[in-house]
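Trainee: Each chain, written out:
2 protein chains.
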Amino acid sequence: MEGNQSNVAAASPNGVSSVPAGQELAMQTLSYSSQPPSPNTPSTPHQQSRNSIRLLSGILAVNILLLGSALVCGAAFSKVKVLSDEEIHIYLTILLILTTAWMIFYMVHTASRTQAVLYKDSHAGPIWLRGGLVLFGVASLIMDVFKTGYSTGKLNCESPVKVTFPLVQLVFVVVQTYFLWVHSKDCVQKQSNITGCGLMLTLATNLMLWMSAVTDESLHQTREEASKPNGSFDHLRDGSMFFKAGRSGCECTHGACEIFEKGFYYLYPFNIEYSLFASAMTYVMWKNIGREIDDCSPHKISFRTKGVVFGVIVGLLVVIAGLGVFVVYEVEVTGDASTERVLIMYYTFCIVGLSLMSLASLAGSVIYRFDKRTVVSTKNPTRSLDVALLLGAALGQFLISYFSIVAIVAEKATRTVSMLNLTCSCLIILQLCLQNLFIIEGLHKQPYHAEPPVVSVVFINEGTSRSNPYSPSLKNDNDEPSPVENSLERSSHSHDFSSTTHSSSSRMSWKRRALKEISGFLLLCNVIFWIIPAFGARPQFENGLEEWVYGFSMWVAIVNIGLPFGIFYRMHSVASLFEVYLTS
Amino acid sequence: MEGNQSNVAAASPNGVSSVPAGQELAMQTLSYSSQPPSPNTPSTPHQQSRNSIRLLSGILAVNILLLGSALVCGAAFSKVKVLSDEEIHIYLTILLILTTAWMIFYMVHTASRTQAVLYKDSHAGPIWLRGGLVLFGVASLIMDVFKTGYSTGKLNCESPVKVTFPLVQLVFVVVQTYFLWVHSKDCVQKQSNITGCGLMLTLATNLMLWMSAVTDESLHQTREEASKPNGSFDHLRDGSMFFKAGRSGCECTHGACEIFEKGFYYLYPFNIEYSLFASAMTYVMWKNIGREIDDCSPHKISFRTKGVVFGVIVGLLVVIAGLGVFVVYEVEVTGDASTERVLIMYYTFCIVGLSLMSLASLAGSVIYRFDKRTVVSTKNPTRSLDVALLLGAALGQFLISYFSIVAIVAEKATRTVSMLNLTCSCLIILQLCLQNLFIIEGLHKQPYHAEPPVVSVVFINEGTSRSNPYSPSLKNDNDEPSPVENSLERSSHSHDFSSTTHSSSSRMSWKRRALKEISGFLLLCNVIFWIIPAFGARPQFENGLEEWVYGFSMWVAIVNIGLPFGIFYRMHSVASLFEVYLTS
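From first to last, the protein sequence lines stand for chains A and B. Under full-length UniProt numbering, think of the first position of the first sequence as 1, with each following residue one higher. Under full-length UniProt numbering, think of the first position of the second sequence as 1, with each following residue one higher.
Treat each hint with caution, since some may be false.
Heads up, the list lumps identical chains together, so a pair's fine if it works in one copy or across two of them.
Derived DSSO-like pairs (lysine-lysine); straight-line CA-CA distance at most 30 Å [what the hints assert, rightly or not]:
no.	residue 1	residue 2
1	K372	K511
2	K287	K190
3	K445	K287
4	K372	K190
5	K190	K120
No wet-lab data here; the hints were simulated from the structure. Note that the structure is predicted; figures quoted are calculated from it, not measured.
Turn these sequences into a full structure, and let the hints guide you.
Mentor: This is the structure:
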């Protein structure tokens, strides 16, 4: 849905842009570029201040993060008990209080002045990101309540910081979710110095929360594994870098402690996801500081499923099969005897699903090769960011897959489960690469509706760029080229364009339909591949081989870092595929 | 020296640019932007292919790197001997052979066709980077010879891959150094698909070499530490993640083995630095694929030291003091009794030097506040990359400093050495932040020589933008604004400009001199802070506190990752400060 309006700039036919169109493009690129010397305003001081804000706030964030990393590493990896969780919790509490105070200040300040935010970026903070934020925010709130309950029970023997921290985090999550819901589209112009530092503080706080949650979760899992009565990894236990000297012997004063503990460890992944979502949104807000854009609400493209049957049906079949596998997995995986059977079922489902998805993505990319639609060439920071997030989030899955492949190949494992795991890991890499290529190509294509055959008539009859509905809306009319020059330039291309449109109109329909089928199918498949890990399936730990090769603590760290990014990737690709579906 | 010519675009007086100047700027921004839809050529296919090259080659590099990381981690961290060095060496050898083959193919192909490379980026591959590459390349060659000698002696009991690898690396270093020396400025247009993948392969290979060298070096140091007869970290030994079961009992067949081993471990840091340099240069080449730029050789700004006395003298004093400290450090640090005395001397020198540097940078930034020179606002990818490399490389020092600070504060250490170390670490962070601000502000300022008082006369008398020596050189003259409009716009600003020039001409001289003094002083100081770590001083390990807090293996990893970036940072900042010196 996002990104359609601003991308209509390059709608000039056949990719050959005339000189005046080039000038228009130039002006629009400037208004989008990160350093916009707009022609009528004194650009240099504005841009200078924008650069220095970026630099200062960036340095601030780096310092917060590195100090935090040293604290987390010191507490988690150190054998000597010099640093404890307490220092980290104090540090995080201070960060949370500062960030919450700044967000409240920002909201009050923005509400009190009518002219505080002049521009809004309609592509920032799309609904799936905000919806996900609220969803994971609610889970984080419950986690904080559980944590507070658990820590209250241990108040007699543990530091009061452990009770304060979840309470402060609770307030922070509420304030931040509201803040990002309301303000994620802001392009701040006033007081941008404070705002830049505030946003970087928020970003650093979220990344610190992410880092500490990943470490906590990994520590907890390693402890659980080590405390198993007949765990198969006893030999690894004393060497593990995460392993601490076990529980402290601090007893809980109320009975609900165990429930609270189980509850909040179950909710940890949602909290990790929440931090990632908030980081992404804060980063986009920070990038938008000082940006001056014409806010046009995106084109309303009607969502129709008419005619798209095959892709949706196959996709729904995959979803239903996946849900079945997920339920069986969750029910049976605890039993020792049935684990192998369940894993074989799980991997088989993955292999079938991923193969279909890879083939679909490949077919989509092939169709794009024959697709004559122009590529949107205007610079759009939100779109570039979208692509970067998609590629970056895929790294998480890549990481896990490559470590699995190396472990299985090195071990020369020949069990059925291992071979299936190997095939599955290879397919994940292949599928992610192909799907990324398909999505990125799709996002950069001109929407189909922008090329009706009447365009060539409009081009010839109307001289000025204003009356051409496919030219970008410009803020200044000063440098409009002469109508004569314009129509001359355009008429020279109009023949090519109309011929292309007419000759391809008959084939266009099957191409469009195929693209819609493919994106619909991929969308549904990504939903099920999101649901399975998001709601707790962790075949990476049931398999046992990677744990043995890398050591439990290291494998836990890899999975806990990689998997949340993988979940983020699936959600993001669902949103992107929806956009591809609409524009096809 | 670099970056002067292209930055003259925003020389419009007082930062208020007229509309025609805005148009020129727009065109220039486009020619510099990463997605240039240049007005007279069919832009879309060109840009589309450029984007897809980036995407494909980026995915290739990510896959090579992740597979390599899994191999390195598996071999280094795993307790179980499933993966060994052999697999990594085979993988690296394959990568080296492929990369060497591609580089030879590229050079032959470029030499055989006259039109193979049409554009050159004069800012890419500056002399300090190429010089550093050759310097570290020579050290790497010697290291490879030593390694081959060492491995030949152990051929009876170790894999032949260990002899093949250094020999292949030797050929690779020779070919790559020549390749980057000759071709680092190329903006490839033809066969850019293969070139993109080839360059990403080269980048990935260099990063893999860096990763494997850092791991090797860390493993070696941990082994050395563990094998010390009365090492003070015995209690850490068995838990260390790098620690392997000691030497394999494989005896060397010739007598020079020990010399070879000592030699190549001494040369490791140079090889690590070589990989970083090559990576930076390859990355710039990759970014330049498909870029079409007017190649203008940079302005010859004469290098004069006349009048700059104070900064240079103080700088030289710091250099001489530093060399003295370095020699004493290297001679005395082996003795156990004198270590503390030497460390106190070393830290005192650092504190004095860094304080002076921080004050100088601060003074420079304050002078910039009063400096009315316009900021260069055109988009220049090489300049942005320069700044990114400067900020990124500083992270290495930040990392080490923050880990030191946390260790000392957590341990509540009160020894003189610890307090000095704490002060020194804090000062490093402060100094790097201030120096980065100073350098980046300096790099973005218009060179002083670009604003002679005659400019206003030129502006009024000559109408067209071609004859204005401060307007950017454009490739197309089609959209030149009308002379009348131009002179009107310009004359309205000429008064402001000439008045500024005249009123500030008397004060300009002390500002310029102060900036030259400061950049000269900082340059010399950075040279000595480069020499000390580059030639082997490692006070981070003599101190002992951080090792105790984080564990030896972890601290070794942090220092081995952070320090090469720190050394790269100092070299890069020397080059940047030289540029600031010239343009002030």
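Trainee: Does each hint hold? Answer for all of them.
Mentor: Here is how each hint holds up against the structure:
Taking the shortest alpha-carbon separations for K372 and K511, only the intra-copy value of 11 Å comes in at or below 30 Å, while the best inter-copy value is 58 Å. For a Cα distance limit of 30 Å, the shortest separation of K287 from K190 inside one copy, 15 Å, qualifies, whereas the shortest one across copies, 34 Å, does not. For the homomeric pair K445 and K287, the shortest alpha-carbon distances inside one copy (24 Å) and between copies (23 Å) are both at most 30 Å. When the C-alpha separation of K372 and K190 is checked against a cutoff of 30 Å, the pair qualifies only between copies, where the shortest distance is 23 Å, while the shortest distance within a copy is 44 Å.
Within a single copy, K190 and K120 get their C-alpha atoms as close as 13 Å, which meets the 30 Å cut-off; across copies the closest is 41 Å, which misses it.
The structure fails none of the hints (numbered hints given earlier).
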